[in-house]
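Peer 1: Given the sequences, and given the hints that come with them, work out the whole structure.
Going by mature numbering (1 follows the signal peptide of the UniProt record, and there is no 0), the letters in the sequence shown line up with residues -23 to -1, 1 to 592, in that order.
Just to be clear, a hint being listed does not mean it is correct.
Unchecked claim - Think about it this way: if two alpha-carbon atoms lie no more than 16 Å apart in a straight line, the pair counts; the simulated EDC-like pairs of lysine to aspartate or glutamate are:
| hint | residue 1 | residue 2 |
| --- | --- | --- |
| 1 | K355 | D325 |
| 2 | K312 | D275 |
| 3 | K299 | E502 |
| 4 | K465 | D498 |
| 5 | K426 | D231 |
| 6 | K559 | D542 |
| 7 | K316 | D418 |
| 8 | K209 | D159 |
| 9 | K233 | E430 |
| 10 | K167 | E144 |
| 11 | K493 | D530 |
| 12 | K465 | D210 |
| 13 | K337 | D325 |
| 14 | K299 | E490 |
| 15 | K559 | D314 |
| 16 | K435 | D275 |
| 17 | K493 | D467 |
| 18 | K187 | E113 |
| 19 | K153 | D467 |
| 20 | K316 | E554 |
| 21 | K465 | D212 |
| 22 | K493 | D297 |
| 23 | K385 | E430 |
| 24 | K435 | E256 |
| 25 | K385 | D411 |
| 26 | K571 | D530 |
| 27 | K181 | D244 |
| 28 | K465 | D411 |
| 29 | K493 | E294 |
| 30 | K435 | E255 |
| 31 | K87 | E581 |
Since the hints were made in silico from the structure, they are not lab data.
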Amino acid sequence: MEKKIINNMCRSLILAASSIALTACNADFLDTQPSDRVGTDLVWSTYNMADAVVNGAYERFYWEQQGECPDWQNFDAATDVCDLDANWGGYDWARGRCNAGYWGFNDWWKRLYEEIYRTSNVINNLDRCEAMAASERARDIAECKFLRAWAYYRANVLWRGVPIYTEPVEYGEDTKPRNTADEVWQQIIKDCSEAINEPSLPNKYATSDKNYGRVTKACAYYLRGQVYMWLKDWDKAAADFTAITTMGFQLFPDYKNMFKAANERNDEYIFQYQYTDEEGMGSLLGRTHGNRNTYTADGFGCWNNLIPNPYFVDSYEYADGKPFNMDEVFPGYSKMDPKARSVYFLRDGLDPNAASDKLKAGYQQMVTYGADMSQYDKDGNEARILAIYQNRDPRMLMNFITPYSTYKGGSTADCWDYTLRWPYIGSDNAAPYDLRTDTNDRFYYLWRKFVPEGRETKNGLNSDIDTPIFRYAGALISLAEALNEQGKTDEAVKYINMVRARIPGLALLNSNEYTKVTGQDNMRERIRNEYGWELCGEGQLYWKQLRWDTWLDRKLGTNRALVSDPSQLNGANGMTEIWGTKRYTNNYIGEHVKLFAVPQGELERNPNLTQNPGW
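Peer 2: So, in structure tokens, the structure goes:
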């Protein structure tokens, strides 16, 4: 869709939610008692009103990355990729701090069933709109079948069995028991298959087409392929992802700049949430990923709420495929106290006798903190640590701001290049131009992906950068996974190498001793790593780690059932400074957290629902 269409779509929600016969949901999942509505017959009697209902079905998804609270803006913060900063408390089910009454469980149940209601309303009623051409009605119904499937997909991953409603129901009639997970998978397959088989739904829209951004057959193939992967129906999954390779999609040549508003109409994106920089119509990823030197209309900068975890960032290999190991750079690093090894990340010039009072104070600050200053190189510390981020997989520096790398900020009209240094002694508008964050009392990796540079946007808090949900690189990696799980490892290598070949200087698999694929198990691990290094920050990893059953291993640790002290967990384990000190840690309360609790309010309102074990 053109951006102006997205604007109209968002505005039409006001009509669709309050005047048309769409749900006015409260905290209950299908509380469809509207306070004001246009009669149902009238809704479907005019093109504009019917079209507004279709647009309302799209809007529910865009809202996921809007609003005020960053707690749910990116599911990657529920994984080892990053953590929600302590000001917002973290994801409470992952931190072991919630029960079935947790607001987040209710919030997602409500959001997803609102979408199921909206799409079912279109699917069941749009053919009543004679003012709309039959082909457009068929296309819109197919789109909504995909959108409903997308809602059910996530509901089924989160709860593993939910009630199936395929018609909009009135308040008090939403009393079905939970369907099995397999029944929900089959409903998703059915909706996707019907969308695929609809002649009016195109495979793909050209980037110049006014309908670019609308649902296509490729979206349905991608989603159905994901379901087949959950079912371990690998040949069908491979067939669906192979179909996408025939539809004209291609990798955008510049990985870093793909995530810019100027380049978001591209042939790599299969399905994306679209945003504009008009007030209330932008994405919050600029706010949650950006820093205090990111330009905002209020002049205060962005919040860097989502803190990249060193467990993930440090996993990026060297460009030649050699695994990175900090102990090879700094012998004994992993055995040092984290505060002691902070010395390796300090800026140059710290000295008790420095001419600068700030450098003197910085030296004393780090001595008091516990840095092992015997390892400090006053004139070469920055170059020494900067070197460990060079010659790595280039996607690391494209996705993250690492120590002593630069970021073009927009907090002043001059748009200076700011450098991430520690300890911070800088100024936004004067040398040495230290990068300023909302967490300036600690030293973290920061996001670069989705963060506007300079004055690229008129307000970083309301970013106009689209979020890709499905993109061609993900389809290629998924195809590789489906092939490898069938034992077709050599064929799988081809598709991973297509993704890696986009990145300048990155070694292809089987090109040297480090990248040699030694079998199916080795390739499986490489594929899982590739998903993370390629898709991090896009909210994709949580869903995959649940499918692989690796989520708790990575988020908490493989030793979670063996230790009583949460600080000893050996996974990412909470908000972490670059050298390993913890702002907070997670708490293991049982394997049941792999599934969401059915909201307590829903259990009380619908006695036919049952709770997931452990909650």
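Peer 1: Does each hint hold? Answer for all of them.
Peer 2: Each hint, compared with the structure:
1. K355 - D325: Distance of about 5 Å is within 16 Å: holds.
2. K312 - D275: violated, 45 Å
3. K299 - E502: holds, 15 Å
4. K465 - D498: holds, 12 Å
5. K426 - D231: holds, 13 Å
6. K559 - D542: holds, 14 Å
7. K316 - D418: Holds: K316 and D418 sit about 14 Å apart, inside 16 Å.
8. K209 - D159: Between K209 and D159 the Cα gap is close to 12 Å, so the pair holds against 16 Å.
9. K233 - E430: Holds, because 12 Å separates the two Cα atoms, which is no more than 16 Å.
10. K167 - E144: holds, 15 Å
11. K493 - D530: Distance ~26 Å between K493 and D530 Cα, so the pair is violated.
12. K465 - D210: holds, 14 Å
13. K337 - D325: Roughly 12 Å between the alpha carbons, so the hint for K337 and D325 holds.
14. K299 - E490: Holds - the C-alpha atoms of E490 and K299 are around 9 Å apart, at most 16 Å.
15. K559 - D314: Given pair K559, D314 holds - Cα atoms ~12 Å apart, limit 16 Å.
16. K435 - D275: OK: K435 and D275 at ~10 Å, within 16 Å.
17. K493 - D467: holds, 11 Å
18. K187 - E113: The hint holds at about 14 Å.
19. K153 - D467: Violated - the C-alpha atoms of D467 and K153 are around 47 Å apart, more than 16 Å.
20. K316 - E554: Between K316 and E554 the Cα gap is close to 10 Å, so the pair holds against 16 Å.
21. K465 - D212: Holds - the C-alpha atoms of D212 and K465 are around 11 Å apart, at most 16 Å.
22. K493 - D297: holds, 11 Å
23. K385 - E430: Status holds; Cα separation ~5 Å.
24. K435 - E256: The hint holds at about 10 Å.
25. K385 - D411: holds, 11 Å
26. K571 - D530: holds, 11 Å
27. K181 - D244: holds, 9 Å
28. K465 - D411: Violated: K465 and D411 sit about 50 Å apart, past 16 Å.
29. K493 - E294: holds, 14 Å
30. K435 - E255: holds, 9 Å
31. K87 - E581: holds, 15 Å
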